[in-house]
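Q: Chain residues, written in single-letter form:
Protein chains: 2
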Amino acid sequence: MAQNVEMAYGIIVLMRTIVSIDIGGTQLRAAAYTQDQREAIAHKRVKTKASEPDTFGRLVKLIEDIWPKAGKVDAIGVSIPGPVDPHSGIIMLTPNIKEWRDFPITAKLTGHFGVPAFLDNDANLAGLAEWKFGAGRGHHDVLYLTVSTGVGGGVIIKDRLLQGYHGLAAELGHTTIQAENGPLCGCGQYGHLESYSSGTGIERFVAEQLRAGRESVLNPEKKNSAHDISEAAKQGDALSIEAYQVAGKYLGIGVANFLHVFDPSIVIFGGGVSQSGPLLFDTFNESLKERVIHPRYLEGLVITRAELGDDSGLLGARALAELKLDS
Amino acid sequence: MAQNVEMAYGIIVLMRTIVSIDIGGTQLRAAAYTQDQREAIAHKRVKTKASEPDTFGRLVKLIEDIWPKAGKVDAIGVSIPGPVDPHSGIIMLTPNIKEWRDFPITAKLTGHFGVPAFLDNDANLAGLAEWKFGAGRGHHDVLYLTVSTGVGGGVIIKDRLLQGYHGLAAELGHTTIQAENGPLCGCGQYGHLESYSSGTGIERFVAEQLRAGRESVLNPEKKNSAHDISEAAKQGDALSIEAYQVAGKYLGIGVANFLHVFDPSIVIFGGGVSQSGPLLFDTFNESLKERVIHPRYLEGLVITRAELGDDSGLLGARALAELKLDS
Numbered sequence: 474m475a476q477n478v479e480m481a482y483g484i485i486v487l488m489r490t491i492v493s494i495d496i497g498g499t500q501l502r503a504a505a506y507t508q509d510q511r512e513a514i515a516h517k518r519v520k521t522k523a524s525e526p527d528t529f530g531r532l533v534k535l536i537e538d539i540w541p542k543a544g545k546v547d548a549i550g551v552s553i554p555g556p557v558d559p560h561s562g563i564i565m566l567t568p569n570i571k572e573w574r575d576f577p578i579t580a581k582l583t584g585h586f587g588v589p590a591f592l593d594n595d596a597n598l599a600g601l602a603e604w605k606f607g608a609g610r611g612h613h614d615v616l617y618l619t620v621s622t623g624v625g626g627g628v629i630i631k632d633r634l635l636q637g638y639h640g641l642a643a644e645l646g647h648t649t650i651q652a653e654n655g656p657l658c659g660c661g662q663y664g665h666l667e668s669y670s671s672g673t674g675i676e677r678f679v680a681e682q683l684r685a686g687r688e689s690v691l692n693p694e695k696k697n698s699a700h701d702i703s704e705a706a707k708q709g710d711a712l713s714i715e716a717y718q719v720a721g722k723y724l725g726i727g728v729a730n731f732l733h734v735f736d737p738s739i740v741i742f743g744g745g746v747s748q749s750g751p752l753l754f755d756t757f758n759e760s761l762k763e764r765v766i767h768p769r770y771l772e773g774l775v776i777t778r779a780e781l782g783d784d785s786g787l788l789g790a791r792a793l794a795e796l797k798l799d800s
Numbered sequence: 474m475a476q477n478v479e480m481a482y483g484i485i486v487l488m489r490t491i492v493s494i495d496i497g498g499t500q501l502r503a504a505a506y507t508q509d510q511r512e513a514i515a516h517k518r519v520k521t522k523a524s525e526p527d528t529f530g531r532l533v534k535l536i537e538d539i540w541p542k543a544g545k546v547d548a549i550g551v552s553i554p555g556p557v558d559p560h561s562g563i564i565m566l567t568p569n570i571k572e573w574r575d576f577p578i579t580a581k582l583t584g585h586f587g588v589p590a591f592l593d594n595d596a597n598l599a600g601l602a603e604w605k606f607g608a609g610r611g612h613h614d615v616l617y618l619t620v621s622t623g624v625g626g627g628v629i630i631k632d633r634l635l636q637g638y639h640g641l642a643a644e645l646g647h648t649t650i651q652a653e654n655g656p657l658c659g660c661g662q663y664g665h666l667e668s669y670s671s672g673t674g675i676e677r678f679v680a681e682q683l684r685a686g687r688e689s690v691l692n693p694e695k696k697n698s699a700h701d702i703s704e705a706a707k708q709g710d711a712l713s714i715e716a717y718q719v720a721g722k723y724l725g726i727g728v729a730n731f732l733h734v735f736d737p738s739i740v741i742f743g744g745g746v747s748q749s750g751p752l753l754f755d756t757f758n759e760s761l762k763e764r765v766i767h768p769r770y771l772e773g774l775v776i777t778r779a780e781l782g783d784d785s786g787l788l789g790a791r792a793l794a795e796l797k798l799d800s
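Just so you know, the sequences run in chain order R and B.
The letter at position 82 of the first sequence is residue 555 when you use the numbering used here, and the numbering goes up by one with no holes.
The letter at position 261 of the second sequence is residue 734 when you use the numbering used here, and the numbering goes up by one with no holes.
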């Protein structure tokens with residue numbers, strides 16, 4: 474059941490309504506969508522306050538604020554910036570919300586609002602959003618990669634989201650591409666794609682080179698962010714240019730692996746670091762072409778940027794709820 | 474339509490019949506299966522003769538020999554030991570049958586026999602066979618790896634075979650796990666999983682060490698096969714033992730990657746090298762546990778050996794045809 478809309482000729486159309494929630498690092502967002510419209514019919518955001526207790530209570534209040542006055546909501550979709558079990562609806566942990574550890578959020582939402590709720594992590598849902606509403610529209614086999622502080626993945630295979638048995642699939646940044654003597658990754662392991670091709674990987678490369686006495690306009694005494702390095706690269710700083718080129722090279726090696734594994738028809742890049750243009754993508758393209766085992770993988774393959782930006786969490790949570798209701 | 478079987482109480486059951494073909498390196502096999510029985514109702518094999526022309530003519534003859542006399546065949550399934558396009562039904566190339574290059578086998582079979590035909594490569598179909606009839610029964614998310622001369626993969630996700638946009642997915646042996654200074658792979662690239670953990674990889678390791686003057690019971694003047702090396706390992710030869718241990722270690726690193734990517738509930742090993750027991754799997758287990766980024770991937774995960782042996786091609790081609798008829 475949903476909003477009933479009376480069309481011309483007295484035909485009643487059941488209009489599905491979804492409430493989407495995006496739990497971000499610094500804010501909570503909620504929006505309500507009807508099936509016929511890309512834009513939300515209601516939308517609100519509040520800051521997350523790590524120090525304040527009862528985040529769930531504040532989330533309920535936020536949802537009530539955007540809950541449609543007329544008609545019925547069919548489902549709630551939730552995007553979480555951390556590991557979840559999408560099958561049981563449990564958040565394993567969330568950065569910035571310490572009280573949500575092994576937190577059964579979908580059961581609690583269903584208990585409160587009386588409708589089914591579904592969740593997944595933000596990278597999977599950004600991929601799903603791009604497939605349904607963004608750069609991947611019309612594609613059935615989509616590889617989405619977010620390249621920012623870390624590297625995350627979202628994979629759609631024959632129009633279905635890859636989730637895995639424990640709901641932990643598509644951790645694409647944490648695949649080993651250098652088994653011996655690779656750099657340290659944020660997860661504590663070595664030689665992962667993320668350890669080379671993320672913002673953190675770029676910063677590590679520059680810090681190591683500066684420590685080794687390499688010349689650069691960057692100050693070796695301070696922590697240079699990926700953004701600082703990108704700015705220096707634009708000024709022609711050789712070390713900074715090389716840092717992005719190295720990240721692009723390994724990104725090409727990682728994506729070649731994913732082509733061999735998934736053989737998608739489109740690769741979509743999201744995340745801040747992926748906005749670096751030729752600085753990153755010249756060496757990416759080179760190494761992708763060099764490492765792919767057969768040119769057929771590249772035939773008709775689209776490589777492009779994400780379209781949805783900040784709304785990808787909300788739209789992905791919406792797409793997930795719609796998929797689950799249909800399956 | 475299919476074999477009509479009259480059951481008790483006069484109920485007519487439509488019994489589906491599939492003809493399966495397995496194109497092997499040294500033989501062609503064909504079998505006919507009815508839906509109710511695991512065993513073939515007819516089965517025949519002939520040697521492939523690389524020197525003789527008209528392999529397709531001999532295949533047609535073979536199929537006619539096992540074609541059920543009564544009732545109707547619903548579909549033909551084909552397993553090929555090389556790259557194919559399963560969407561268009563074209564064999565890109567087949568080892569030992571040189572005339573089958575860009576060969577539209579399913580169109581030709583349908584033209585001759587008047588029923589739909591479906592094909593895929595032998596590793597994908599061995600995985601599908603294990604999921605439907607073998608060690609993977611009851612699992613929905615299956616990772617199958619064949620470890621023999623090379624390393625091949627077959628992946629089932631939510632009860633569907635992963636094929637990819639061009640039909641080239643699950644080339645799991647050709648994923649880079651050592652981007653810099655990795656050994657040469659059979660495909661011409663470097664540092665792939667196959668270059669470490671296949672029979673060929675084990676042979677290469679031993680040959681390199683012998684050339685470097687390493688002591689061993691193996692003769693440095695001859696080409697030692699993976700089987701020779703396995704025999705020497707059983708006699709306690711330190712180099713041969715190490716060769717398998719190294720292969721097992723990198724196999725663990727590769728499988729950790731595939732857990733992070735697919736998050737399956739079962740990993741099934743086929744192929745001759747995977748029969749090596751603790752010689753290979755002690756270091757495999759060690760490195761898998763060390764490289765997995767979260768212990769949850771291993772919760773309830775089954776790691777086991779393939780059950781179907783030589784019949785996996787025929788049974789996989791049968792399972793493919795059944796899946797396609799149902800979809």
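Take the hints with a grain of salt, since some may be wrong.
Where chains are identical, the list cannot tell them apart; a pair therefore holds if satisfied intra-copy or between any two copies.
Below, in silico cross-link-like pairs of lysine-lysine (DSS-like), each with a Cα-Cα straight-line distance of 25 Å or less [said to hold, decoys possible]:
{"no.": "1", "residue 1": "762", "residue 2": "542"}
{"no.": "2", "residue 1": "605", "residue 2": "631"}
{"no.": "3", "residue 1": "631", "residue 2": "797"}
{"no.": "4", "residue 1": "517", "residue 2": "581"}
{"no.": "5", "residue 1": "534", "residue 2": "631"}
{"no.": "6", "residue 1": "542", "residue 2": "631"}
{"no.": "7", "residue 1": "517", "residue 2": "707"}
{"no.": "8", "residue 1": "605", "residue 2": "520"}
{"no.": "9", "residue 1": "517", "residue 2": "631"}
In short, the hints are calculated from the structure, not lab data.
Just so it is clear, the structure is predicted and the values come from calculations on it, not from any experiment.
Q: Now tell me, hint by hint, if it's right for this structure.
A: Against the structure, the hints come out as follows:
Taking the shortest Cα distances, residue 762 and residue 542 never come within 25 Å of each other, neither inside one copy (54 Å) nor across copies (52 Å). Proximity of residue 605 to residue 631 under the C-alpha cut-off of 25 Å is found in both arrangements, the shortest distances being 13 Å within a copy and 20 Å between copies. In this assembly of identical chains, residue 631 and residue 797 lie within 25 Å of each other by CA distance both inside one copy and across copies; the values are 15 Å within and 14 Å between. Proximity of residue 517 and residue 581 under a CA criterion of 25 Å is satisfied intra-copy only: 21 Å inside one chain copy versus 60 Å between copies.
For a Cα distance limit of 25 Å, the shortest separation of residue 534 from residue 631 qualifies neither inside one copy, at 37 Å, nor across copies, at 37 Å. In this homomeric assembly, residue 542 and residue 631 never come within 25 Å of each other (Cα to Cα): the closest approach is 37 Å inside a single copy and 38 Å across copies. Proximity of residue 517 to residue 707 under the C-alpha cut-off of 25 Å is found in neither arrangement, the shortest distances being 37 Å within a copy and 68 Å between copies. For a Cα distance limit of 25 Å, the shortest separation of residue 605 from residue 520 qualifies neither inside one copy, at 28 Å, nor across copies, at 50 Å.
Taking identical chains as interchangeable, the C-alpha atoms of residue 517 and residue 631 are never at most 25 Å apart, the minima being 33 Å within one chain and 36 Å between chains.
Hint compliance for this structure: hints 1, 5, 6, 7, 8, 9 are broken, all remaining hints hold.
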